[in-house]
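Peer 1: Each chain, letter by letter, is given below.
Number of protein chains: 2
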Amino acid sequence: MAILVVGSVALDSIETPFGKAENVLGGSATYFSVSASFFTPVNLVAVVGEDFPKKHILFLKKRGVDTKGLEIADGNTFRWKGKYDYDFNNAATIYTRLNVFEHFRPKIPQEYKRSGLLFLANIDPDLQLAVMKQVEKPKLTACDTMNYWIINKKRSVIEVAKKVDIFLLNEAEARQLSGESNLLKAGRSILRLGPKKVVIKKGEHGVLLFSHGSIFSAPAYLLEMINDPTGAGDTFAGGFIGYLGKRGKITDSEIKKGIIYGTVMASYAVEDFSLRRLSSITIRDIERRYKDYERLTRV
Amino acid sequence: MAILVVGSVALDSIETPFGKAENVLGGSATYFSVSASFFTPVNLVAVVGEDFPKKHILFLKKRGVDTKGLEIADGNTFRWKGKYDYDFNNAATIYTRLNVFEHFRPKIPQEYKRSGLLFLANIDPDLQLAVMKQVEKPKLTACDTMNYWIINKKRSVIEVAKKVDIFLLNEAEARQLSGESNLLKAGRSILRLGPKKVVIKKGEHGVLLFSHGSIFSAPAYLLEMINDPTGAGDTFAGGFIGYLGKRGKITDSEIKKGIIYGTVMASYAVEDFSLRRLSSITIRDIERRYKDYERLTRV
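Chains as they are written, first to last, in my numbering: chain L, 3 to 301; chain H, 3 to 301.
Check before you lean on any hint, since a few could be wrong.
[Said to hold, decoys possible] Below are the BS3-like pairs computed for lysine-lysine, each with C-alpha atoms no more than 30 Å apart in a straight line: (1) K141(H) / K248(H); (2) K259(H) / K204(L); (3) K141(H) / K156(H); (4) K204(L) / K187(H); (5) K115(L) / K83(L); (6) K259(H) / K258(L); (7) K63(H) / K248(H); (8) K293(H) / K251(L); (9) K293(L) / K259(H); (10) K85(H) / K135(H); (11) K141(L) / K164(L); (12) K293(L) / K187(H); (13) K258(H) / K293(L); (14) K85(L) / K187(H); (15) K293(H) / K198(L); (16) K109(L) / K22(L); (17) K187(L) / K198(H); (18) K85(H) / K187(L); (19) K57(H) / K22(L); (20) K251(L) / K109(L); (21) K165(H) / K155(H); (22) K187(H) / K115(H); (23) K139(H) / K165(H); (24) K293(L) / K139(L); (25) K187(L) / K164(H); (26) K258(L) / K258(H).
Honestly, the hints are just simulated from the structure, not real lab data.
The following block holds chain L by itself, in its conformation from the complex (with noise of 0.2 Å):
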């Protein structure tokens, strides 16, 4: 099942303790793009600016990626410039620049309308929404927010939460969102505003799966080297999505295995800067690494 992602594609200009990368190609609806590539097809809802590299098209097409309804606007290109610290938790933000995302309002074509999948990456929850009415019912909704939007349009992102099958959010978000330090209690509680799961994202610390009835807890890969983590979240909603449109079910299981894929992909994307690590590998890579995945955490 093909899957539709309505987020952002921008410029980014990253530092980390370990390296920096300046106008790299970067955004929310990017990096899942390329991590679902690997898995099903993407159909890509965004928009960029003139001064947009050619080459970073090129490369979502190469990935398998349809660019269809990525509109490409008069003006410049988001770009975001943000510092990590060793914690690679949180980073400083330098500048956002929204330029065309300023004014952007996501114009679904005719032929991604029925996609089976649809993914609301991090955007205005009141575009959320539109995207949502644009579309014939997916057979799954998931969404991704900030705390930008939970701070200024709360009672949109309860809105989405009520409409989706699944809400992913990082822990800081959750606690946000849900008024709960305790993670158990925020994860429960933003269940109980309607998505049928949630998933929280702990970074290096792993994932949590909200069900009702039950919660799955994943650790995350463990890795040597960590050079940017921009994008794992995005990458990791990615492989787990896309993993979903290859199986076409979506069952328990196949939702944990997903899971599982999303982290190995959030794996591979923060050994280097911007989409570099995920443009060099295969699914033979991925593979491997799920592999090494279940022999971490089998008993």
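Using the hints provided, position chain H relative to the given structure of chain L.
Peer 2: Relative to the frame of chain L, chain H by itself:
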């Protein structure tokens, strides 16, 4: 198989954001003994002062802990006062009064010298080495340590690491001892010092078990409420080594199951102050939570 444990028995005063307790039963060997006692006989070697309440000794005996090796010396019992903030990973020490513990020279009773398993709880590494010399070669020797000894007696800590089968320490101590900030590198580096296994305790983020050639990552059990993390690591070790004592055979698979029993025991310890929660549970509770844990982590 019986376990010989050598460590501290203390009276703790603890403050957390969720409550406080004054002069309650504590100490590394206490938490270890009570936890292990659910699985196998425990022989305790430690020292207390004349002020040590008899009821605590009765409690230990009731739990099947042999207290022949619990010396009652002239003076006061070791006392520690600590305070935790919402970050339960670090306690601020208000005071440490070693009292009779300062001159503790463990004397192993004759009938303890052939205990099948030896656990060297956190004490001066030179005393840990002296204990190893006093006993007949156990089937398995495990130890714990703390930052103070890594800073002040690093050479002795390394000497202990060379001689034990299983070396347990927490995340910060692993980084400190190895000089590696990355935990994967830290675990592998400590493994090269000599032990067959290294266990890195990550508190609420679970445990990593390093063997030569493989790693096992076990997430923590999820709790809605943590009241006092004191003793969690020693309780973990008690469940872990206690289970191995019960089984009698020490295979990789049994060691992993032991890690999970340790995780389960620690999850009970932190639910209340001191040994309160551990004194209220039965083996049936432990088995039930073990099954819950399996469900939590099974793909």
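Peer 1: Take the hints in turn and mark each one as holding or not.
Peer 2: Taking the hints in turn, this is what the structure says about them:
Between the alpha carbons of K141(H) and K248(H) the distance comes to roughly 13 Å, so the proposed pair stays at or under 30 Å and holds. Distance restraint check for K259(H) and K204(L): the Cα-Cα separation of roughly 25 Å lies within the 30 Å cut-off, and the hinted pair is therefore satisfied. Of the supplied pair hints, the one linking K141(H) and K156(H) holds, its CA atoms being roughly 26 Å apart against a limit of 30 Å. Only pairs whose Cα atoms come within 30 Å are accepted, and K204(L) paired with K187(H) is accepted, the gap being roughly 21 Å.
Taking the CA atoms of K115(L) and K83(L), the gap is near 33 Å; set against the 30 Å cutoff, the hint is violated. Our distance criterion of 30 Å between C-alpha atoms is met by K259(H) and K258(L), whose separation comes to about 22 Å. Restraint check: the Cα-Cα separation between K63(H) and K248(H) comes to about 19 Å, which is no more than 30 Å; the hinted pair holds. Only pairs whose Cα atoms come within 30 Å are accepted, and K293(H) paired with K251(L) is accepted, the gap being roughly 28 Å.
Annotation: proposed proximity of K293(L) to K259(H) holds, straight-line Cα distance about 21 Å (limit 30 Å). Simply put, K85(H) and K135(H) have alpha-carbon atoms about 37 Å apart, too far for the 30 Å limit, and the pair is violated. With a C-alpha separation of about 16 Å, the suggested pair K141(L) and K164(L) falls inside the 30 Å cut-off, and the hint holds. At roughly 21 Å between alpha-carbon atoms, K293(L) and K187(H) fall within 30 Å of each other, so this suggested pair holds.
This hinted pair checks out: K258(H) and K293(L) have alpha carbons roughly 18 Å apart, not beyond 30 Å. Distance hint between K85(L) and K187(H) is fulfilled; the C-alpha atoms sit about 24 Å from each other, no more than 30 Å. The hinted pair formed by K293(H) and K198(L) meets the criterion: a straight-line CA distance of about 24 Å does not exceed 30 Å. A distance of roughly 34 Å separates the Cα atoms of K109(L) and K22(L); the hinted pair therefore is violated under the 30 Å criterion.
Annotation: proposed proximity of K187(L) to K198(H) is violated, straight-line Cα distance about 39 Å (limit 30 Å). With a CA separation close to 24 Å, the supplied pair K85(H) and K187(L) stays within the 30 Å bound. For the hint linking K57(H) to K22(L), the alpha-carbon distance of about 61 Å lies beyond 30 Å, and the restraint is violated. Proximity of K251(L) to K109(L) is assessed by CA-CA distance (about 28 Å); at most 30 Å being required, the pair is judged to hold.
Restraint check for K165(H) and K155(H): satisfied, since their Cα atoms lie roughly 16 Å apart, inside the 30 Å limit. Taking the CA atoms of K187(H) and K115(H), the gap is near 36 Å; set against the 30 Å cutoff, the hint is violated. Under the criterion of a C-alpha separation no larger than 30 Å, the hint pairing K139(H) with K165(H) is consistent with the structure, at around 11 Å. Of the supplied pair hints, the one linking K293(L) and K139(L) is violated, its CA atoms being roughly 35 Å apart against a limit of 30 Å.
Among the hinted pairs, K187(L) with K164(H) is inconsistent with the structure: their alpha-carbon atoms are about 43 Å apart, more than 30 Å. Taking the CA atoms of K258(L) and K258(H), the gap is about 22 Å. The hint holds against a cut of 30 Å.
The structure shown violates the earlier hints numbered 5, 10, 16, 17, 19, 22, 24 and 25.
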